[in-house]
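Student: In the order they appear, the protein sequences are chains X and P.
Taking this note's numbering, I'd label the letters of the first sequence as residues 1 to 155.
Taking this note's numbering, I'd label the letters of the second sequence as residues 1 to 411.
Hints may contain errors.
Derived CB-CB ranges, DEER-like [unchecked claim]: (1) X/ASN13 with P/LYS233: 38 to 44 Å; (2) X/LEU11 with P/VAL203: 30 to 36 Å; (3) X/PRO125 with P/GLU199: 34 to 40 Å; (4) X/TRP93 with P/GLU199: 44 to 50 Å; (5) P/SER64 with X/THR25: 36 to 42 Å; (6) P/LYS409 with X/GLU32: 32 to 38 Å; (7) P/LEU207 with X/VAL74: 38 to 44 Å; (8) P/LEU207 with X/THR25: 31 to 37 Å; (9) P/PHE209 with X/LEU21: 23 to 29 Å; (10) P/ASP222 with X/LEU11: 30 to 36 Å; (11) X/ARG73 with P/PHE209: 29 to 35 Å; (12) X/PRO128 with P/LEU207: 55 to 61 Å; (13) P/GLU266 with X/THR25: 54 to 60 Å.
Listed below are the simulated DMTMM-like cross-link pairs for lysine to aspartate or glutamate, each with C-alpha atoms no more than 20 Å apart in a straight line [to be verified]: (14) P/LYS373 with P/GLU287; (15) X/LYS52 with P/ASP208; (16) P/LYS228 with X/GLU32; (17) P/LYS233 with X/GLU32; (18) P/LYS4 with P/ASP190; (19) P/LYS195 with P/GLU261; (20) X/LYS115 with X/GLU20; (21) P/LYS402 with P/ASP366; (22) P/LYS230 with X/GLU32; (23) P/LYS195 with P/GLU256; (24) P/LYS402 with P/GLU378; (25) X/LYS9 with X/GLU136.
FYI, nobody ran anything at the bench for these hints, they're computed from the structure.
Glycine included, C-beta positions come from ideal geometry on N, C-alpha and C.
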Amino acid sequence: MSVEAHDLKLLANDNRGLSELENGTGLVGWHEVTQGSILPSFDGDATGIAHKKSEERTYSGYNSYTATVASWRVEKPVYNRDICIDCQNCWVWCPDTSILSRDKQMIGIDYDHCKGCGVCVEVCPTNPKSLLMFVESTPFEDALSTWPEKKKKEK
Amino acid sequence: MAEKYDLQEREVWDGNFAASQALRQAQVDVVAAYPITPSTPIVENYGSYVANGYIDGEFVMVESEHAAMSGCIGASASGGRVSTATSSQGFALMAEVLYQASGMRLPIVLNVVNRALASPLNVRGDHADMYLGRDSGWIQLGSFNAQEAYDLALCAFRIGEHHDVRLPVMVHQDGFITSHTAQNVYPLTDEAAYKFVGEFKGVDDMLDFSRPVTYGAQTEEDWHFEHKAKQHKALMDSRPIIDQVLAEFKELTGREYKRVESYNMEDADVAIVALGTTVETARVAAEQLRKDEGIKAGVVAIRCFRPFPFDEVREALANTKSIAVTDRSSPGGAMGAFFNEVTAAMYTSENRPMVTGFVYGLGGRDFSIDEAKRIYKEQMAHIEAGHITTQIQQFSGLRGPKLGFFETKRG
Numbered sequence: 001m002s003v004e005a006h007d008l009k010l011l012a013n014d015n016r017g018l019s020e021l022e023n024g025t026g027l028v029g030w031h032e033v034t035q036g037s038i039l040p041s042f043d044g045d046a047t048g049i050a051h052k053k054s055e056e057r058t059y060s061g062y063n064s065y066t067a068t069v070a071s072w073r074v075e076k077p078v079y080n081r082d083i084c085i086d087c088q089n090c091w092v093w094c095p096d097t098s099i100l101s102r103d104k105q106m107i108g109i110d111y112d113h114c115k116g117c118g119v120c121v122e123v124c125p126t127n128p129k130s131l132l133m134f135v136e137s138t139p140f141e142d143a144l145s146t147w148p149e150k151k152k153k154e155k
Numbered sequence: 001m002a003e004k005y006d007l008q009e010r011e012v013w014d015g016n017f018a019a020s021q022a023l024r025q026a027q028v029d030v031v032a033a034y035p036i037t038p039s040t041p042i043v044e045n046y047g048s049y050v051a052n053g054y055i056d057g058e059f060v061m062v063e064s065e066h067a068a069m070s071g072c073i074g075a076s077a078s079g080g081r082v083s084t085a086t087s088s089q090g091f092a093l094m095a096e097v098l099y100q101a102s103g104m105r106l107p108i109v110l111n112v113v114n115r116a117l118a119s120p121l122n123v124r125g126d127h128a129d130m131y132l133g134r135d136s137g138w139i140q141l142g143s144f145n146a147q148e149a150y151d152l153a154l155c156a157f158r159i160g161e162h163h164d165v166r167l168p169v170m171v172h173q174d175g176f177i178t179s180h181t182a183q184n185v186y187p188l189t190d191e192a193a194y195k196f197v198g199e200f201k202g203v204d205d206m207l208d209f210s211r212p213v214t215y216g217a218q219t220e221e222d223w224h225f226e227h228k229a230k231q232h233k234a235l236m237d238s239r240p241i242i243d244q245v246l247a248e249f250k251e252l253t254g255r256e257y258k259r260v261e262s263y264n265m266e267d268a269d270v271a272i273v274a275l276g277t278t279v280e281t282a283r284v285a286a287e288q289l290r291k292d293e294g295i296k297a298g299v300v301a302i303r304c305f306r307p308f309p310f311d312e313v314r315e316a317l318a319n320t321k322s323i324a325v326t327d328r329s330s331p332g333g334a335m336g337a338f339f340n341e342v343t344a345a346m347y348t349s350e351n352r353p354m355v356t357g358f359v360y361g362l363g364g365r366d367f368s369i370d371e372a373k374r375i376y377k378e379q380m381a382h383i384e385a386g387h388i389t390t391q392i393q394q395f396s397g398l399r400g401p402k403l404g405f406f407e408t409k410r411g
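Looking at chain P on its own, in the form it has when it is part of the complex (with noise of 0.2 Å):
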């Protein structure tokens, strides 16, 4: 029996620190790590409270982020509730194998703090590592603060864990700006977090040896297609699933999270569309532009950036004029991907609004209320020309002579 953790209604704590609580209160049974910055007191304190007993637990040090991805997915097809962290490089290292355990359908839940991908060697906050999951087939929510760090990763196991999703899930926060920012969380209790995320039920387990089975089947031409496109329809599947756990988190806690946020939306001309942190800069720009100077500026933030919220992204923006969004990763020679995603939603909308990309932010640059609010007005500009004026792919808060690609050919 696990010893009893004092918890204080308001607590501050940083966004690892508030990850790690939730991986205590789920009572996850295995954390196979190799700690990488920023994201290494995640991992760090699951070992304390295991090694202090806090939490019946294990953790499994391993040699790199490969195996450590690799002890989740033993343990997670063992049956057991599996979880560690990890950002930029080990992410990249842990590639491969995120794609078998989204291919198994195993339900680890992966908290990433975001950070660059060298090189050059950065340890700061952009989206590399999470833009390189994006076709992994994981679900991916997205954090902003430490609250929500901790928060989505309770939901994240119920998520993963139901039996009509059965998915690994990522819970994103951004490198430092989140992790390393202490913040006032309210935690729930232990019984209340436990009780919300429930007993982990199996599926498949092979530690169940009236039922032996195999995991890693190899498959060519004749059956891989069949089993990505069931996968794929499972992640497209999870989505009223996702809004069902989130509704009930909101029942239990009064804090309500949408797969898209709208901020100042509902009679906004120009829009932010981001992910992250920015999402925060981008409000504050927003409200200061409406009493300031009446523009009528509102923030779309992605909360689930994989499954692709394309029906709520285009409801969300559907009277907007002009749009800007946001890709905090370096696109290496097309259209930021978060750009073209949203772009390709809003392309079937009524009234096809106008769509400029930003890159910014790579390697923790910060990304200032002033220049949201200089982007605001960009879009206001465009909408008085008519057609975008500006070039429609542009960098934000970059040195140098001004960097851009191609031009709108409409207006």
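For reference, chain X alone in the conformation it holds in the complex (with noise of 0.2 Å):
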């Protein structure tokens, strides 16, 4: 599978994850700041966004979805479509809501989000685990080329 469908951007016009959360940008004076500091998660009419992927969602400037805290992580999962049984196990678990799922099929991880805790991998029923921590510069090829064997059971 190619590094960049581990790193997932689900549609070309998916605004997740474009600028850094940093002190210092975008400044304003007192007089533009929102009343009472409430932010709008949508530009636009959200009526029913529910029901939208989140590719689908118009997120505002003020979402975290569009925002990045991939620097945040010194560890990442890395997924192994070979292995993975797709049990959702890892998406109901997330915390960050960082594992992408569409039709109940586990397609990859939302990297701007996802802060490396490590739940996706200890819940992974497989054998071996098909979500493994790697060291963040680790690169993909080869945290998969040194996938664990499965284990055999213990007598």
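Each of the two chains sits in its own frame; use the hints to bring them together as a complex.
Tutor: Structure follows, in structure tokens:
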């Protein structure tokens, strides 16, 4: 599987992770900040938006979806499609909605919002696991090429 | 549809009952409360109005005052008209969440029945809790009797919910002296009261699914200052809108309120500046001194403690020669906060009158007409001497050796 598929942008127009969460960017004066520091999540009318997939939603610049916090991560989960059984355990447990799944099929990881907590690896039931943690800088090819063999049952 | 509540043209209500009737007439949607003496009957009565069908609302019984204000914030952010009541320790426990409400610009109305803060434990009225809220970003209105507690509660919804304001509002009344003293109160009809308060019109409602919003954003050194400055400006800018709402209330009822009230101030040489029920005591003393002893005494009362009426205080006291500012809260190692604020205003006035401060009435200690007269006469002595003849900070009505601090360097 390709390396790009790991850091998945679902659609070309998906606005996930466009901006870095950095101090001192986009600063405006007191007269331009929002009243009550209340932030609208979407641009335009959001009626029925809960029924749309994330890549189809009009997330606003205030929404964390459009920001990336990839730099917070020290270790990253790497996903192995060849072993995954699409049980959706990782999708259920991920605290940052960073497991991307469509039609009950695991398709990748949102590396813009994954903090590298490792919960997905813990709850993965396959043998060997279909998700494993690697040091952030490890190339995906290296990670996949060093994937462990199936463990035999101990007698 | 709510049941009809029978009202007479003139009712005999205490301050608590009066405030609770204002909540009923404003058709408050949610009251989240943890009752505390002496404010208990306000929320208790609202609960009974809900239970007996007099109002279509929700009474949420929570586990603490911290949770009470948190519940109010949730309901207000969702898009409802929200109110609650508290006092003293409850107010203190609420303090953290008060700042959240004002920071999120939620127009909650909090009825505060002023009571001393422990320790020692005390259920009587002083202004320690009111002072604790003075930097919290809320509008703070002060009532001096039951009628005013009712009137100002109605006005509070109008002011806070005004889209050019959108700030929470406290309506203060003195514990027991106002809250438990039954007096004549002239209520509006339900129709007139609701018409005056008006329909709640939401802003950034969380239950508006066409425009979902995030409340409670985190800001650090790069954003926080701008948000707080904007909030402060909103408080400052609420002043003309408060005036406008009070003027409309006068048109409706004939009852006139101002952010700063002046009594016998036209030609006053000496003045007592006060908050709460003390105002009425000082007014009687001033009247008697004028009649019996020819002393030109007057009273300046702060109706709107926040935003602080700097200009109006200065104007009201412009021609006085000596002023006594009264603080009903233990100042904790400083001059009284109210003394400081009035003095700051007077420092930039043309004639800079002499100002002394009196800490008084702590824990519900009575403030008598005679004591008010004594304070007036002390101001007259300052005028005669041409300088402050006593210590600048004194304690009024305190037993034991005379306690006071600081002397003037002028004159």
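Student: Does each hint hold? Answer for all of them.
Tutor: The hints, checked one at a time:
{"no.": "1", "hint": "X/ASN13 with P/LYS233: 38 to 44 Å", "result": "holds, 39 Å"}
{"no.": "2", "hint": "X/LEU11 with P/VAL203: 30 to 36 Å", "result": "holds, 34 Å"}
{"no.": "3", "hint": "X/PRO125 with P/GLU199: 34 to 40 Å", "result": "violated, 55 Å"}
{"no.": "4", "hint": "X/TRP93 with P/GLU199: 44 to 50 Å", "result": "holds, 45 Å"}
{"no.": "5", "hint": "P/SER64 with X/THR25: 36 to 42 Å", "result": "holds, 40 Å"}
{"no.": "6", "hint": "P/LYS409 with X/GLU32: 32 to 38 Å", "result": "violated, 46 Å"}
{"no.": "7", "hint": "P/LEU207 with X/VAL74: 38 to 44 Å", "result": "holds, 39 Å"}
{"no.": "8", "hint": "P/LEU207 with X/THR25: 31 to 37 Å", "result": "holds, 32 Å"}
{"no.": "9", "hint": "P/PHE209 with X/LEU21: 23 to 29 Å", "result": "holds, 27 Å"}
{"no.": "10", "hint": "P/ASP222 with X/LEU11: 30 to 36 Å", "result": "holds, 32 Å"}
{"no.": "11", "hint": "X/ARG73 with P/PHE209: 29 to 35 Å", "result": "holds, 33 Å"}
{"no.": "12", "hint": "X/PRO128 with P/LEU207: 55 to 61 Å", "result": "violated, 47 Å"}
{"no.": "13", "hint": "P/GLU266 with X/THR25: 54 to 60 Å", "result": "holds, 58 Å"}
{"no.": "14", "hint": "P/LYS373 with P/GLU287", "result": "holds, 10 Å"}
{"no.": "15", "hint": "X/LYS52 with P/ASP208", "result": "holds, 17 Å"}
{"no.": "16", "hint": "P/LYS228 with X/GLU32", "result": "holds, 12 Å"}
{"no.": "17", "hint": "P/LYS233 with X/GLU32", "result": "holds, 13 Å"}
{"no.": "18", "hint": "P/LYS4 with P/ASP190", "result": "holds, 9 Å"}
{"no.": "19", "hint": "P/LYS195 with P/GLU261", "result": "violated, 27 Å"}
{"no.": "20", "hint": "X/LYS115 with X/GLU20", "result": "holds, 14 Å"}
{"no.": "21", "hint": "P/LYS402 with P/ASP366", "result": "holds, 18 Å"}
{"no.": "22", "hint": "P/LYS230 with X/GLU32", "result": "holds, 9 Å"}
{"no.": "23", "hint": "P/LYS195 with P/GLU256", "result": "holds, 19 Å"}
{"no.": "24", "hint": "P/LYS402 with P/GLU378", "result": "holds, 15 Å"}
{"no.": "25", "hint": "X/LYS9 with X/GLU136", "result": "holds, 19 Å"}
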